[in-house]
Amino acid sequence: MSDPKIEGFDLKPGFSGMAKDTASDQTMFKGVHWGKAMMWIFLLSDTFIFSCFLISYMKGRGSTMVEWPNASEVFGLHVFGVDVPLLLIAIMTFVLITSSGTMALAVKYGYERNKKMCGWLILATAIGGLTFVGMQAFEWSKLIHEGVRPWENPFGAPQFGSFFFMITGFHGTHVTFGVIFLFIYAYKTFAGHYDEGKRGWFTTMKGDYVEIEILGLYWHFVDLVWVFIFAFFYLW
Amino acid sequence: MSDEYENKTGYQAQSSESITSSSIGSGVATDIDYVRPAENAEQDLYHGHSFITKWIFCQDAKVIGVQYFLLATFTGVIGLVLSWLMRLQLGFPGAAGFMTAEHYYQFVTMHGMIMVVYFLTALFLGGFGNYLIPLMVGARDMVFPYLNMVSFWSFFVAVAVLLASFFVPGGPTGSGWTLYPPQAILEGTPGSGMGIILMCVSLILFVAGFTMGGLNYLITILQARTRGMTLMRMPLTVWGIFTATVLAMLAFPALLVGSLMMMLDKLLATSFFMPTILKAGEILEYGGGSPILFQHLFWFFGHPEVYIVALPAFGIVSDLISVHSRKNIFGYRMMVWAIVGIGALSFFVWAHHMYVSGMNPWFGFFFATTTLIIAVPTAMKVYNWILTLWRGNIRLNVVMLWCLGFIVTFVNGGITGIFLGNVSVDVPLSDTYFVVAHFHMVMGIAPLMVIMGAVYHWFPLVAGRFLNETLGKWHFWLTFLGAYSIYFPMHYLGFIGVPRRYFEMYDSPYMTSAVGMNEFISTAAFIVGAAQFILIFNIIKTLKTGKPAGHNPWQANSLEWLTPSVPPEHGNWGEKLPVVHRWPYDFSVPGSREDFITQTTPPSDVKDSKVEKT
Amino acid sequence: MNNNNEKEQQSTTHKIGIYLWIWGLLFVLSFFSYMVDWYQFQGMLRWSLILFFMFLKAGLIMAFFMHLFWERYALVNVLLWPMTAIACFIFLMVSEFKYTVFTRFFYFVVGG
Amino acid sequence: MHPGIIFFLVILGSVLFHIFTPWYWTDIASNWGGMDDTITLTFWIGGGVFVAVCLFMVYCVLKFSYKKDRKAEYKPEDKKLEKILTWATTLGVVALLAPGLVIWNQYVSVPKNAVEVDVMAWQWGWQYRLAGEDGKLGTTQVVNINDDNPFGINLDDPFGQDDIMIQSDVINLENNKPVKILLRSVDVLHNWYVPQFRSKMDAVPGIVTYYWFEPNKIGEYEVLCAEYCGVGHYAMRGGVEVQSKEDYDKWISEQETFSDLIAKQEKLELENKKIVKNNNFLLNKDIYKEE
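Residue numbers (this note's numbering), protein chains in the order written: chain A, 15 to 250; chain B, 2 to 615; chain C, 410 to 521; chain D, 41 to 331.
Since the hints were derived computationally from the structure, they do not count as laboratory data.
Every clue listed holds true.
So the derived label-pair ranges between C-beta atoms look like this:
#, chain 1, residue 1, chain 2, residue 2, range
1, C, L460, D, W127, 40 to 46 Å
2, A, T190, B, F366, 44 to 50 Å
3, B, S566, C, A472, 44 to 50 Å
4, B, F366, A, G28, 35 to 41 Å
5, B, E613, A, F191, 50 to 56 Å
6, D, W84, B, A97, 37 to 43 Å
7, A, P27, D, N145, 45 to 51 Å
Quick caveat, the model's predicted, so the values are computed rather than measured.
Ideal Cβ placement from N, Cα and C applies to all residues, glycine included.
Make a model of the complete structure from these sequences and hints.
What follows is the structure, given as C-alpha cells:
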C-alpha cells in the first residue's frame, strides 16, 4: 500500500523509482508480501480469462445474423404492476458494490489490528456475496423458466443463452469461492489467528493481516469483472 | 505440527511487518564488499520425514522438478512411440497391419499435443524451472511450496486423464493437435465423443496446475532473490524461464476458454464455434457460431506457446555455451532485452498461423509485419551465441556438441520461419510438409537439443555423478545427424506440395515422386528414436557407477553450483544464504588467477582482475 | 506519493473518508450507468456513456479499493502493460466479426 | 574426426542437397510466379544467413577449441558490432517483407473480370457452381440443401436460377482468365488446393472465403484438400482441367443450370404427384428478413 521502509534502500517515487526498484536486488515490488504479489499476478491471468470470454462474446454476438435479445427487456422485472428494466441486475450491482466497500473497510481495520471491526466487516462482505449468488440463482431460474437454455432461447440468437450462462456462471463460481474463503477468513480473524501469527493449513507462513488484503484484492476483482459484465452484457 | 518445522533462531515467516524491523549502522557502506541487508525474512520450510512426504507428496522444489522431469519424459516417450507408428505408415504404407486412418489421425493428434504441452512445456518450466530457479536466484525453495506440490499433482492428473482417453470408447481425439472445431466434435473425426471431452478436461487441468506452478516461479524470481542478486545478474536460464512463464500465465487463459467453450458445444450443444451444419443429409442442431473464433483463441494461446518452449531453451543454451567456451555471454543486456522483446511481441503475431484460414484478409499485412519484426531480436540472439564462441576456449564435450547442434537446427528452423511468416510466401507452403519440417526443426529438435545438453550439464548437480561421455557422443551424433536428415529433406516434400496430415497419398503424382524420401525419413526416425534410449541407459548406468562430480565440476559461476552439498539438500544453502557480487559470466577475466570468478566471490578477493561488468 | 501517507509514516492504512467517498461515487456511477438503459439512449451516445462509466468505475475500484493508487510504479506497470495485448485482441476481433457478418450477409442473403 | 568438420559437412551437404535435389516445385501453372520469386529471394537471403552463421560457428569451433594455456577473450559487450548487426538484420527483413506484402495485396484484391466459381466442400468431396448468363451467382443457405437443390440456392434469388451446376469433383477452367474461387463448406473446414496454382484458402462453414488466380497452362491438375477435415481428409481429392477458350465454351454449354434441374424435378414430381416443400427453408427465410 504505502511505501515501506527498507534498510539501505532509498525508495524513490514515480518512474525513476520504478527503474530503481527494478534494477535493485532481492525484490522488484518493494515491500510487497509474497502472497499479495502472487494474488496480483493471478488476477492478471484471470483478467485474461475473462477478457477471452468477453471477446468471444463480442465476436459471437457480432457475427450472428439472428437478432440479439434486448437485455433490458429480458432481464426486466415486473414489480407492483410496472415493468422495470434490468431491475434485478441493478440490485445485484448494488449488493456487490456494497460488499466491495465493506471489504475495503475490513482491509483497513485489519491493518489497524482492529480484530472485531475487521471480522464483522468480512462477515458482512460474505453475506453480501451470498445475497449476490442467491439473486443470480434466482435470475438463472427465472430465465430457465422462460425457456432460455444454453443451446436456444425464445428471444432470438441461441448464442445469447450460451454466453449468458457461461459468463455469469464463471463469474458466479468466482463469487462462490470468494464467499467460502470470506467465511473462513472471518473465522480466522475472530479466532485471532492473524494476531498470533498462527500458521495456515496448507502453508508454512505465519498468519498476518496482509492475508485480509489479499482476499480483498480477489473480492474487488470479482466486483471489477462484474462492472465489465454489467456494461457489455446487460447494457449493450 | 509445529515440531516439523525447523525453528532456527531468527527464522521468521515472511510477512510485511518483519521487513521494517531491525536496523543497521551507517558506516558500512565504505566496504567494497558491502551488500545491503536482507529484505525478506528467512523462509520456513516443511521438512518431510516419511517416504511419502519426502519423495511423493513432497514440497521441495528440487524433488518436484525431478518429478516433473520424469513424468514429462514418460509422456514424451509415449509421444515418441506414436511418432514411430506414424512414420511406419508414411514410409511403408500397410506395414503395420492394424493401422487404419482413424488410428493414424489419433496418433498424429496425441503425438502433437503430448510433445508440445505435456512434454516440452512441462519439462522446461516444470522440470528445469522448479529445479533451477530457487538455486539460481539464491532462494531456499519456491515461495509457496505447498502450491508447488499441488501443481505437480494437477499435472499428474492431467496426464492420467490424457492417457485415459486411449482406453475410452472411440479412442483419443483425432482432430489434430489444434483441435479445430467443427470437426473436432463431429462424427467423421475419430474420438469425437469421449476422446475430445477428455482432451479438453486434461488441458483445463493442465492449465490450472500450471497456473499454480507459474505463480511460484514468477514470485520466486521477482520477490525472493538473495542479497545482491539483481535482475541483471540473473543467469539467462532464469530469464528465459521467467519470460516463458509470464507468457504462459497470459496465454493459457485463451486455451482454457477455448477448451471450455468447445466442451460446452459438445456436451450442451451450444453454438459458440458451430455454424449451421449439414451432416449426412441432416441439418444439425447447431447454428450461427464462428469456427474462426476458436482458431483465434487457440493461436492467441498457441503462438506464445511456441515461445514458452523456445525461450527457456534460448536461456539455457546461452548459459551452456558461455560455461563451456569459458567466455562471457556476448551482449548480455541485448540477450535479456531480446528475450523480453520476443516474449512481448509474441502476443501480437498469433494469426500468422491463420493466413489461409479465411479470416479477414487484411489481417495478413498486420501479422506479417509483426512476425518479421520478431526475426530481428531472434537473429540477434543467434549472432550473440556464435560471437560467444568466437575467441573463446571451447571445450568440445557432449554439452557443447548439443549446443552446436542447437545452433544449426535453430538457425535452419528460424530461416524457414521467415518463409512462413511472410504472408504471401506462406500461401503455397502452409498446410504442407514444409510446415511440419519447420516446426519440428525449430520447436522440436532445437529445444530437444537444449534439453539434452542441459541434462548432460546438470546431471552432475542432480545426481552427483557425470554421465558417460562416450555414450553421450554416440547419443548426440545419432540424434543430431538423424534428426537433421529427417527434417531437412522434409522441407522439399512441402515444395512439391505434399499436404500435411495425409494418411496415404494413393497414386497421386506427389506420392510417387516422394516415395523414396519417405522411406528414408522413416528409417532415420526409427534410428533417432531408438538413440534416445542410449540416454536412459546412460542415466541408469551412471547413477551408481559414474565418475563422482564433486563441487562445481564445470567450473561455472552461477549459484546452483555453489551449494554446500552436492546434490543440494532441502533448503539449498545450509546455514546462510549466499551473497551475490557479480553477474554469472565472469569467465577468463584478465588478471584473475583462475578462468572463472563465481557470483559469490566478493570484489576484495579479486582486486587485480579487470572486471568490466558486474 | 500522497500527502496523507507521508504524515502517517508507520501506519499503512488510509483515512476512512477516502473509502467512503469512493464507495459513494461507485453507487452514483452505477446509478448513472443504469440510467443509460432507463432512458434508452442509443447509438454512439449510449456506447460512449457505457464505456465512460465502466472505465471510471473500474478505475476507482482498482485505484483505491485495490490500492493501486498507492502502490509503487513497478507493480502498477507490470499489471497494466499486458492489457495492450487484450486491446489488440479486441481491436482485431471487432474487424473480424464485421468481416464475418459481411460475408454472411453478402453471400447468404443479399447476393449480387 | 573433429566435430567441426562433421558440422561443416552437414552444412555443405545441405547446400548440395538444395542444388541437386530432384524434389522441388511442380511447374507453376498460374499467375503467382511472384510467390515463387519471393521464395527464391528468401532462399538467397535466408540461406545466405544460414550458411554464413553456421560456417562462422564451424570456424570458431575449429580455431578456438580447448587448449589448456589459452585464455578466452574477455569482452562483455561490443555496442558498435551489435548495432551494425541489428541494422543489417532489419534491412534484410525489410527486403523480404516488402515484396511479400506487395504480393499479398495482389492476392486479396481480385481483378474485376474474374470468373466466380463457387466451390462447395463437404466431408468428403467437392462440387462447383458457375454463374449463368447474368454473370452473378445466386445466394445460398446450408439449410436449403437437399436432393432437389444440391447447392442450397435460395429459391427466391433471381440470380440463382441460371447458375450452372457441376455435380462432379472436376471443374474446367478457361486458360488465361482470372478465376475467383468462392469457398464454402457445409460441415467442417476444408481447403481447395492445387499445388501448381500455388494458392490456397480454407473453406469455412458459416462464411464464404475467397482467393483468386489466373491459370496459364493448359492441362489437368489434381485438387487436394489441405485442411484436416476428419478421417477421409487424405482421400478428398478433386480435379481441375484448364482448357483453351474454345474447349471451355463447348464444355460449359453442355452443363446443366439450376432452372434446368428444377424443371426436370418438377416434371418428375408431376409424374409422381408429389409436392416438395422445404419448410425449413421458409422458416429460416423469415428470420433473415428481420435482419
